[in-house]
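**Student:** Residues per chain, in single letters:
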Amino acid sequence: MEYVLHILMLIMIYSVLAYSLDLIVGHGGLVSLAQAGFFGIGAYTAAILSLKFGLSLPTVFLASVALTAFLSLFVSVPSFYLHDDYFVVVTFCFQMIAFSIFNNWLDMTRGALGIPGIPLPCLFGWEISKKSEFLLIGIALLAFSAFCVWALTRGAFGRILHGVREDEIFTESLGWDVRAVKITAFAVSAVLAGMAGVLYAYYIAFIDPTYFTVMESILVLSIVIVGGSGSFAGPVIGASVIVLMPEILRFIGFSPSLAGNIRELIYGLLLVIILIVRPQGIAGKYDFVRAKGRR
Amino acid sequence: MSQVIANALVTISLYTLVGVGFSFVYMASRFFDFSYGALVTVSAYGAIATGLWLGAPLLVTIPLGVTFSCALGCAIEIAVYRRMRRNAASSSVLLLASLGLYLAIIAAVSIVFGSSSKALVAGGYWPAIEVFGVRIAWPNFIALVAAFCTVVAAMLILHRSDIGIRLRAIGENPELSIAKGFDIDRITLLAVAAGATIAGIAGALLALDQGVYPAMGFRVLLGGIVSMIIGGIGSILGVVLGAILLGGLEHAVAWWISSAWQDVVVFGALVLFLFVRPQGFFGVPSRRSAI
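These protein sequences, in sequence, are chains A and B. So the first sequence is numbered by the working numbering: it starts at 1 and just counts up by one. So the second sequence is numbered by the working numbering: it starts at 296 and just counts up by one.
If you are wondering where the hints come from, they were derived from the structure by calculation, not from laboratory data. Some clues are possibly wrong.
[Unchecked claim] For each label pair, taking beta carbons as the anchor points, the in silico distance ranges come out as:
#, chain 1, residue 1, chain 2, residue 2, range
1, A, Glu247, B, Ser410, 15 to 25 Å
2, B, Ile373, A, Arg159, 36 to 46 Å
3, B, Ile373, A, Leu123, 51 to 61 Å
Every residue, glycine too, gets a C-beta built ideally from N, C-alpha and C.
Given the sequences, and given the hints that come with them, work out the whole structure.
**Tutor:** Below is the structure:
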């Protein structure tokens, strides 16, 4: 039973990450490789603030929200000036810089040694210690993420966001404030990823830089595209598959590290195959390839 | 100090090699192909594999590894990118596919060979030669020579040979090239083959210098891409300039500040550079880098 709860928790966290990335990739059409960076920023915020200052969960969440929202400007502002693969390169640089800071700012993050012994989170005096309690918070966060995506993809905001995806210059020429939409979308995306990181840090109680590399970013991107971009079921489906796959492989008899590599192999190949054969993903609505075809 | 310069020269050579090879591929396909980094890695592991299974000496295993890289690069071009291009995939989508390919290839390498690092040659240090009072290990000297030769060859091919000129034409204006009757598929494949071979050579040199590990291709690919961006896409001399600036900056930061902050300085500088002059020193502005 504990095991099932653990799997569900991981699915929650990866689903939140997938929603956060799908907002800008699936709905905004802006490919970003920085998601693992924001995930890590949230995680390290939680670890450092709770270990060094003993802050409670709501305070840590607020701190993470503030920090990730601010840092998302380093990604959203470049999107005004650089497009397509140049923009991906910038998000990539952001990710590399974030990882380098996690790995090298020894005073704060203990570098490659990681931060062990993260204390249990405290929510208004209620100490969260059982897996089922963590799962409750996870479900709440997932619901919140889905709500954010729903709220931002309806109405005028949603139409401008989809306009950015389909034809940014045209949308701008109609007079819509594309920049404000981009700043908001990237900020929400970063905040959600950071919150997933906070939860992750508390749940695993140990973090180190290797959890937040470019590979993780690519993996989250794969989840979004394979699961289905621009929909509500897609990110959860993608997250479920990616969490369940190593577990199934382990049941068959592969060792955990081998299972991890096989998962990456399968997901890398799936990403390529999906992009060729079914670009909207398993359960998505946005056909990536045809919509952004060569102009 | 001169030793620092000598060390920097090795990095510069590798970045030049990867940058030039990547330029060939980029000129034809016009997107950032991250699977190129996997080609670097595959060459080194190919050499290891043939060494283990055939017991052959380096002079045999290294060319076999390079051939393997070339073959893999061509296979990817034919099986994946060509098909996606027929479906009118944009550069971001091709980039996504290249990321998936990189992930898959490196995972496959880790599965077969394990994640720990290996040495191409067992034991000991390389003999060093003394040049102007500075010691350079043999493989690094070869890297320097290889980089120089590749640059000269690339410039000759791109500016003097028929196929090189066609390649540049395709890069600048694909539609017009098709209208003129250029065989885009064939020229792209040749460019990919050339680039992949260079990647293989870089992989072998990197392996001789640092040993073999699954992530080895990534950092040097970044160096190559950054050199190409700084120098200006389509300009071989630009790649050299970019490699000198980048390698110099890296080693200067490592020397004067600390090697821990290398990446932050380098990538931060790249972001700033992309804001100020995204087309590079010798390049032309493109739609993707303009406002």
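**Student:** List in ascending order the numbers of the hints, as given earlier, that are violated by the structure.
**Tutor:** Nothing - there is no hint that the structure violates, so all of them hold.
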